[in-house]
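Undergrad: One-letter residues, chain by chain:
There are 2 protein chains.
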Amino acid sequence: MFDLKEYISEKKAKVDEFIKSYFNPSIIPSILHESVLYSLTAGGKRLRPILCIASYEACGGLQDITPYASAIEFIHTYSLIHDDLPAMDNDDLRRGKPTNHKVFGEGIAILAGDGLLTEAFRILSNTSYANVDPSNLIKVIQELSSSTGVYGMVGGQALDLISEGKEPDREIVEFIHLNKTAKLISASVKSGAILANADSEQIKKIEKYGLSIGLAFQIVDDILDIEGTTEKLGKPKGSDEKKGKMTYPKVFGIEASKKKAKELIDIALRAIENFDQKAEPLREIAKYIIKRSS
Amino acid sequence: MFDLKEYISEKKAKVDEFIKSYFNPSIIPSILHESVLYSLTAGGKRLRPILCIASYEACGGLQDITPYASAIEFIHTYSLIHDDLPAMDNDDLRRGKPTNHKVFGEGIAILAGDGLLTEAFRILSNTSYANVDPSNLIKVIQELSSSTGVYGMVGGQALDLISEGKEPDREIVEFIHLNKTAKLISASVKSGAILANADSEQIKKIEKYGLSIGLAFQIVDDILDIEGTTEKLGKPKGSDEKKGKMTYPKVFGIEASKKKAKELIDIALRAIENFDQKAEPLREIAKYIIKRSS
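Protein sequence lines, in the order shown, are assigned to chains P and W.
Under our numbering, the very last position in the first sequence is 462; numbers go up by exactly one each time.
Under our numbering, the very last position in the second sequence is 462; numbers go up by exactly one each time.
Please note: incorrect hints may appear among the correct ones.
Where chains are identical, the list cannot tell them apart; a pair therefore holds if satisfied intra-copy or between any two copies.
No farther apart than 30 angstroms at their CA atoms in a straight line, the calculated lysine-lysine pairs in the BS3-like style are these [stated by the list, open to error]: (1) K446 to K413; (2) K446 to K334; (3) K427 to K182; (4) K334 to K180; (5) K410 to K182; (6) K411 to K372; (7) K405 to K173; (8) K410 to K372; (9) K410 to K376; (10) K372 to K334; (11) K418 to K173; (12) K403 to K307; (13) K307 to K411; (14) K307 to K188.
None of these hints come from the bench; they were simulated from the model.
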């Protein structure tokens, strides 16, 4: 029997270990070093790197690609630090702890985000972490940068920012969810598939899986902001509503949102139904995402 | 006779053309698109991409690598947008125009910087721009990310930020200048050499050239802030002094700074003295950097 909890805890331990070993504090200004480590070790679930590794293994990969998977956590963490800034979402708490700029100041928080984003690409262009084809690493960098730049996450975040307080709009919320959240999650699994030398047919399926769970993940997040508890969220509930955020429940209502999330998880599971038992972690993670909302 | 002005204007035109053609406004939120283009076309001299191309040609490269060279301008521009933010240097003017956040607001300015940094790596991982070996592109990405992350530019910027108002300190100013300015300039020429398949001996010389002119460039910048005119600088002179910045003249005095800049240019010229006439642009650019201060 496959044990998701054990699987996640094992992969998470490796990601945590890589993150802790990555920085050389003797050649980084100490406040910057503290700032990047603070956010990298603030209790993240490591969902994206674990998805990357699970996808790599589902596609037959046999090496330890923890460093490359961890680079995705660097990108995710940078995005959280910048999202929390006063000029953006202006959040004081993240996972129950003060946000980076609350502890280190805005200037250092901006630099910590910039540094993490840059270090992600430094890790991904280091060919010594595993025996992988440089042209696969180039493809991974292309995939991750395309999903997180102005044509991806940054574009989604910009529309999110300027849509605060606007009337519910289906096209806008779909653009935001796709770009701000789903593309990086999809890129995480696609990167794993690319590193495993998956063929284009497999990569297409993995991409469909990734976009579907990515959209479901964001819809569930929107639902939890309404129905969750402050304790579980690590920040006050109802903050989307308070900020006038364009959320899925705001546009479609809460019941339709739950239904949509469930449908998306079904689509994700169908996309990888022909994969063998090595895809069990991917399947269980998809089911876990929907369970969070119930 | 080699004409530097003509050389620069020809290369600059190509970089400008690439930048203008790069973005697809139909799939980027319009305010983000305006914001990135605003700063990318705000009158930059394109020094870093031109250095990259000049180094590529000096090492025997024959293709048009404008896109890869332009990616370095994306990185440079992101760093300027973030440096100008209120939480950082809090500058209202850059090259005589209002800074990005003054026009588009802080949130969009942060995202524009994030987007430009990410798009730089998207360009560098696109193998269709020229016929280059993917493993050379990986090396270029490794070089540029190492020079601009927490072990490079971001680290230098962090120390610059926390050293404001502190007593003059030789080690600190040298760390800041090396990391904040010289490493990216050095990485620009190294990237050109790597793309041209230069051997390790050539790359070492190019790196020495790059670090030397990079340090000289920053020292000249410090001097101009004292001796230049507001018109020439595009911002009020004396702003380093006003902010209590750790500058070279503050630590060593203005005459010693001028002498040091000249020495560094001599070191740069000696480093590439065995290169043939294809290195003339590199030599003339080095001389041009020192001329700015006199």
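Undergrad: So, for every hint listed, does it hold in this structure?
TA: Hint-by-hint comparison with the structure:
Taking the closest pair of Cα atoms, K446 and K413 never come within 30 angstroms of each other, the shortest separation being 39 angstroms inside a single copy and 57 angstroms across copies. In this assembly of identical chains, the alpha carbons of K446 and K334 never lie at most 30 angstroms apart, being 45 angstroms within a copy and 58 angstroms across copies at closest. Proximity of K427 and K182 under a CA criterion of 30 angstroms is satisfied in neither setting, with 35 angstroms inside one chain copy and 52 angstroms between copies. Proximity of K334 and K180 under a CA criterion of 30 angstroms is satisfied in neither setting, with 39 angstroms inside one chain copy and 42 angstroms between copies.
Proximity of K410 to K182 under the C-alpha cut-off of 30 angstroms is found in neither arrangement, the shortest distances being 38 angstroms within a copy and 48 angstroms between copies. For the homomeric pair K411 and K372, neither the shortest alpha-carbon distance inside one copy (36 angstroms) nor that between copies (53 angstroms) is at most 30 angstroms. Taking the closest pair of Cα atoms, K405 and K173 come within 30 angstroms of each other only inside a single copy of the chain (26 angstroms); across copies the shortest separation is 60 angstroms, beyond that limit. In this assembly of identical chains, K410 and K372 lie within 30 angstroms of each other by CA distance neither inside one copy nor across copies; the values are 38 angstroms within and 56 angstroms between.
Within a single copy, K410 and K376 get their C-alpha atoms no closer than 33 angstroms, and across copies no closer than 55 angstroms, so neither meets the 30 angstroms cut-off. Proximity of K372 and K334 under a CA criterion of 30 angstroms is satisfied in neither setting, with 35 angstroms inside one chain copy and 56 angstroms between copies. Taking the closest pair of Cα atoms, K418 and K173 never come within 30 angstroms of each other, the shortest separation being 33 angstroms inside a single copy and 58 angstroms across copies. Proximity of K403 to K307 under the C-alpha cut-off of 30 angstroms is found in neither arrangement, the shortest distances being 37 angstroms within a copy and 42 angstroms between copies.
For a Cα distance limit of 30 angstroms, the shortest separation of K307 from K411 qualifies neither inside one copy, at 37 angstroms, nor across copies, at 43 angstroms. For the homomeric pair K307 and K188, the shortest alpha-carbon distances inside one copy (27 angstroms) and between copies (25 angstroms) are both at most 30 angstroms.
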